[in-house]
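Undergrad: So the sequences go chain by chain: L and A.
Residues in the first sequence are numbered consecutively from 1, following our numbering.
Residues in the second sequence are numbered consecutively from 1, following our numbering.
Derived from the structure by calculation, the hints contain no laboratory data.
Among the hints, a few may not be true.
The list cannot tell twin chains apart, which means a pair is met if one copy fits it or any two copies do.
As the list claims (entries may be wrong) - With a straight-line cut-off of 25 Å between C-alpha atoms, the simulated DMTMM-like cross-links for lysine to aspartate or glutamate are:
(1) K107 x D291
(2) K288 x D104
(3) K158 x D206
(4) K30 x D82
(5) K7 x D104
(6) K76 x E225
(7) K290 x D104
(8) K288 x E115
(9) K158 x D221
No experiment lies behind these values; they were computed from the predicted model shown.
Chain by chain, the residues run as shown.
Number of protein chains: 2
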Amino acid sequence: MILLDGKKTSGDLKKEIAASVADRISQGKKAPHLAAILVGTDGASMTYVNAKVKACQRVGFDSTLINMPADSSEEKLLQEIDQLNRRKDIDGFIVQLPLPAHIDEQKILMAVDPEKDVDGFHPVNVGKMALNLPCFLPATPFGIMELLERYQVPTSGKQVVVIGRSHIVGRPMSILMSQQRPAGNATVTVAHSRTQNLKALTLQADIIVAALGIPGFLTGDMVKEGVTVVDVGITRLEDPSKKSGYRLSGDVHFESVSKKSSHITPVPGGVGPMTIAMLMKNTLLACKRKDG
Amino acid sequence: MILLDGKKTSGDLKKEIAASVADRISQGKKAPHLAAILVGTDGASMTYVNAKVKACQRVGFDSTLINMPADSSEEKLLQEIDQLNRRKDIDGFIVQLPLPAHIDEQKILMAVDPEKDVDGFHPVNVGKMALNLPCFLPATPFGIMELLERYQVPTSGKQVVVIGRSHIVGRPMSILMSQQRPAGNATVTVAHSRTQNLKALTLQADIIVAALGIPGFLTGDMVKEGVTVVDVGITRLEDPSKKSGYRLSGDVHFESVSKKSSHITPVPGGVGPMTIAMLMKNTLLACKRKDG
Chain L
1 MILLDGKKTS GDLKKEIAAS VADRISQGKK APHLAAILVG TDGASMTYVN AKVKACQRVG
61 FDSTLINMPA DSSEEKLLQE IDQLNRRKDI DGFIVQLPLP AHIDEQKILM AVDPEKDVDG
121 FHPVNVGKMA LNLPCFLPAT PFGIMELLER YQVPTSGKQV VVIGRSHIVG RPMSILMSQQ
181 RPAGNATVTV AHSRTQNLKA LTLQADIIVA ALGIPGFLTG DMVKEGVTVV DVGITRLEDP
241 SKKSGYRLSG DVHFESVSKK SSHITPVPGG VGPMTIAMLM KNTLLACKRK DG
Chain A
1 MILLDGKKTS GDLKKEIAAS VADRISQGKK APHLAAILVG TDGASMTYVN AKVKACQRVG
61 FDSTLINMPA DSSEEKLLQE IDQLNRRKDI DGFIVQLPLP AHIDEQKILM AVDPEKDVDG
121 FHPVNVGKMA LNLPCFLPAT PFGIMELLER YQVPTSGKQV VVIGRSHIVG RPMSILMSQQ
181 RPAGNATVTV AHSRTQNLKA LTLQADIIVA ALGIPGFLTG DMVKEGVTVV DVGITRLEDP
241 SKKSGYRLSG DVHFESVSKK SSHITPVPGG VGPMTIAMLM KNTLLACKRK DG
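Okay, chain L solo, but in the shape it has when bound (with noise of 0.2 Å):
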């Protein structure tokens, strides 16, 4: 069984866009930079979005978090957007979600300039991706891909299975891995709550995502020997034993998967930590992108 290790690929990511930028400033180019926009002070959203900040300041990036209060209109927030459009020195930007009731999420994932929308959550963005044009691609399948492809796990005419059809994960995966691309051209099948027979599904996959956030959903008498299983949930349950009084799931019951598997990714440390590294690695490009 080989551990598709997020922690340790992530590292290698940063290692590598640390010296893209280290490479632009000896040249005399900018740094790449980042903003976030978050609205109130949701403490998970706080602790992500800190954690981008300072993955940004580790590669050498520019970063600004502008954070605005709970209760700031539709339209101040569509203000903040208008500015960073603008922007010259801002090459990317982020809206950290779920966005306060009153604001219409989607009309604010809309007005992102698609050339800055470095979470690829633009419209135009998920529209370049079905069509196997160049985009930014989401940042957690974009990590999904890069994980397959570092530990080149073969996935040509393979069978996968991903259970979930969201709109940042599910949706995306089963569209990546079905084209022509590196760790695609698999034959691939959604999976969800409406899915009739689901253990008859992926008894014969060979790749699983799992992506639907039950903890401990897939268990180890629904997966064949030799499967690759990519658990992409992450929830945070009770445990007084822990310090901090919870522990993390994923959606995969590693203890009895991981014994049938050939690859499979840990939580934490498996898809979780790829995903920062990729909204670096969008940033970047979209950083590249204007230089000509």
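Following the hints, complete the assembly by docking chain A onto the known chain L.
TA: For chain A alone, coordinates are given in the frame of chain L:
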């Protein structure tokens, strides 16, 4: 066995559209106006474009056909598109594909105002489709969804195999049928040229969408009893016994497959006639949107 009669259904649709147009006129509103650009004089393309223009006239639309010389420059075509984007009297327009080799097709499709892109080929419309947001669906997939819905073919929880991953049929069909929508909620597998053991997949399928462009590819031994089959293929085969010198063949071997099918589309008279009807429907939609 029930024939999914695209000729009849598209006739019904056109009557409904014509009634909507008559209704608009009686309310003093403008008729929908579809424009088409054809570059060159390719026989098949001219046939298709003329059929679209004629269909417009029959439902009471205004129509404009712009026929440009085959050696028109990309710049000239972009200027033409820019004019159609600006013209307030035109609700939607299409650029007939394929384009001559010296013109960058993707660049042309990107230049069409997404609000007038009634073919649904602009990345922003493709992205909105993938995100299940209101958009112009590409006509052929839209027509298949309409046909399945009108014939009340059960799809929720069913196993669907889409053979083919093209941008205009296979990919959108696989996305639409797995989404939460009428004729959706299916468990969809996308098969393609790299797929191994396709027959094992099709034998399990409740619904098969054949869109690979190989005449007579899907045969009776590849499907199970009670399957629903949608045949998107349409290939001209030489046939000296016909006055035209050719006959049309789908991707499905109708004789053997229909014997085991609960529902099946014929070729011709299945998916084909639906395509033009859905283009009309998109144009009507574009026109209504502008009413505000």
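Undergrad: Please go over all the hints and tell whether each is borne out by the structure.
TA: Status of the hints after comparison with the structure:
1. K107 x D291: Between. Shortest inter-copy distance 21 Å satisfies the 25 Å Cα cut-off; intra-copy 30 Å does not.
2. K288 x D104: between (32 Å within a copy, 24 Å between copies)
3. K158 x D206: both (6 Å within a copy, 22 Å between copies)
4. K30 x D82: The answer is within: 22 Å in one copy meets 25 Å, while 36 Å across copies does not.
5. K7 x D104: So K7 and D104 fail the 25 Å test inside a copy (34 Å) and across (42 Å) alike.
6. K76 x E225: The answer is neither: 54 Å in one copy and 59 Å across copies each exceed 25 Å.
7. K290 x D104: Answer is between; shortest inter-copy Cα gap is 22 Å, intra-copy 30 Å.
8. K288 x E115: Within one copy only: 12 Å inside a chain, 31 Å across chains, cut-off 25 Å.
9. K158 x D221: both (20 Å within a copy, 23 Å between copies)
Taken one by one, the earlier hints fail for this structure at numbers 5, 6, listed in ascending order.
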